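Working from the sequences, and respecting the hints, build out all of it.
Each chain is listed here by its residues.
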Amino acid sequence: MKHFRNVGLALAATLVVSQAGAQELTGTLKNIKDTGAITLGFRDSSIPFSYLDDNQKPVGFAMDICYKIVDAVKKELKLDKLEVKLNPVTSATRIPLMANGTIDLECGSTTNNAERQKQVAFTNTHFLTASRYVFKKSSGLKSIEDLKGKTVVSTAGTTNIKQLTEANVAKGLGANIIPAKDHAEAFLMVETDRAVAFVMDDILLASLVAGSKAPGDYVISKDAFSKPEPYGIMLRKDDAPFKKVVDAATAALYTSGEGEKIYNKWFMEKVPPKGLNLNTPISAELKNEFAKPTDSPDPEAYK
Amino acid sequence: MNYNWNWKIFFEPNPMGTGTYLDMLLSGLALTIKTALLAWVIALAVGSIVGVLRTLPSRGAYWFGFCWVEFFRNMPLLVQLFLWFFVLPEMLPRAAGLWLKQLPNAPFWTAAIGVGLFMSARVAVQLQAGIGSLPRGQRMAATALGLTTVQGYRYVLLPMAFRIILPPLTSEFLNTIKNTAVAITIGLIELTGQARSMQEFSFQVFEAFTAATILYLLTNAIVVTAMRFLERYVAIPGYITGK
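From first to last, the protein sequence lines are chains S and G.
Quick note on our numbering: the first sequence kicks off at 32 and runs consecutively.
Quick note on our numbering: the second sequence kicks off at 4 and runs consecutively.
Keep in mind that the hints were calculated from the coordinates and are not lab data.
All values reported here derive from a predicted model rather than from experimental measurement.
Some hints here could point you the wrong way.
In silico contact screen, one side only, chain G against chain S (beta carbon under 7 Å); selected entries [stated by the list, open to error]:
| id | residue |
| --- | --- |
| 1 | M4 |
| 2 | N5 |
| 3 | Y6 |
| 4 | F206 |
| 5 | T213 |
| 6 | T216 |
| 7 | I217 |
We treat Cβ as the ideally placed atom computed from N, Cα and C, and that holds for glycine.
This is the structure in C-alpha cells:
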C-alpha cells in the first residue's frame, strides 16, 4: 500500500511541478491540520504535574508545557484556530490511546526509559526524580549509612524497593525492609514511628510531606539510592516532523528561562486545590538540562 | 495503529529480578488459583450451611439465611473488599485492628475470605433452589422412615440437590476465579495485577493483557472439563442431569 502511495505521490509531484516547495505534511501534523484539533492526554491525580483542580479542569506543570507546545504547533501549521481537546488517561490506558491516535501528547509524569522508547517517543525532559528517603527530623539521620539495622519501608511493586534491596546488600546495611501497600500507608509507617525512613521518588515524598499534619517534622534526604530519572511528555514513535516541532518548542521554552518560571509556579508556590506548597527548589541537574535540553532516557546524561 | 508489537517480551528478564516477564505472569496465575481455591472452599462450605438454613422449617433459620444472602449479594464485590480491608480494622479495638493490619499476606486472606463470602450467597440460593426442586415426597419419606432432620438432609435431600445444581455450580466456580481479579484494588498482585505491572515496566500493554486473557481462558477450560467429568460421574440416571 505504502509503495503505491509513494508512486502516486511521485506522479502527482511531476504533474504539479509548480507546487514544489510546499512540504507534504505527514503523521500527527497532517492529522492536526486536517481536523483543526489536537488532543492532550492528562492524568487526574499526578500532583503537581497533571491533575484536576476544584473545577475539574486539568492543570499542572506538564499541562502548562503542553499548552506552550500547542501554541508552537499552531504557529508551525499557520492555523488561525486550533481546538484543544482533553482526554483523561491512566497508567494503563496511555499506551493504547497513544498508539491508536486518540491522544497526540501525554502530559503527565511518565518516566522516560530505554525500554519504553521501543514503544513511544519522548520530548525533552521536564523533570528529574531520584529515589530518596524521608525521615523525621527527630531521628537524626545523616546519610544512607545511618539506616544500618533500622526498619525502612518502601512501596511494594516499585523499582524503588528494588533499589533499596540492592543497596542494602551492596552496602551491608542489614536494614529491615518492609513493603507497604501504597505510598500513603508507607508514609503512615514513618509518621507512627513503625519505620524510620520511607524510600520513594523524591517528588512523591515532597507531596506526601506537604500534605501531612506537620510538614515541618520531616526531612527528605540529600543522598539518593538512584541516579535522577527523567520524566518526559510522550508522543507517538516514528513521527519525526511532529517530534521536531515539539522538541523545538520545549527547547525554546526551557532555554529561555520561562521553563524555570513555570517550574517555580508549581513547585515553590501554593498549588490548587488545597493550597499545598511542595517547596522543592529546582535541582542542579534539571537546571543543567533546561540549559541544554535533551530527551535522553539515560540517567548518565543528566549529571 | 502505531504500535510496536514484541511477542518476545515474555522471555526478556523483568526489572524486579525474578526471572522473565512470563515468570512474573505465571506467579500471578499461581496466586489467582490459590486465592480462587480458598475462596471456593469458603463459598461451598458457608453457602451450603446458609442454603440448608433457608429450607429448614424454623422461621429464625430462614430469616438468618435470608439476611445473609441479601447482605452479600446486594453489594458490589469491590465495595465489600474495601469494607473488609479498610473499614473493618478501624471499627475494631485499636490493638485488634493493628494486629489485623500487620498480618502478613493481609490482601490474600482478605481477598479469599471476601470473595468466598460473596460467592457463598450465590451458592446458598442455588442449593435452596436445588432442594426446592425435589419432590415434596422425598422429605416426607425420609421422615416416615424415622430419619431425623439432619439424617434426612445428609442421606436423602443433599445428595440429590447437589447433583442437580452441579452445572450452575460450575459457572459459580468460574465466576470465583474471575472475581479474584477485583482484589488488585486491595494490593493483591495476582494475574491481572502482574499483567498491569508488566505493562507498566515494558509498555507492551497488548501483549501483557493478551497473555493474561489466554491464561484465564486456559484455567477456566481446565475447570470446565474437570467439572464435566464430575457431572457425568455423579449423574443420576433418568434425572435432569442424567443420561
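Hints not upheld, ascending by number: 5, 6, 7
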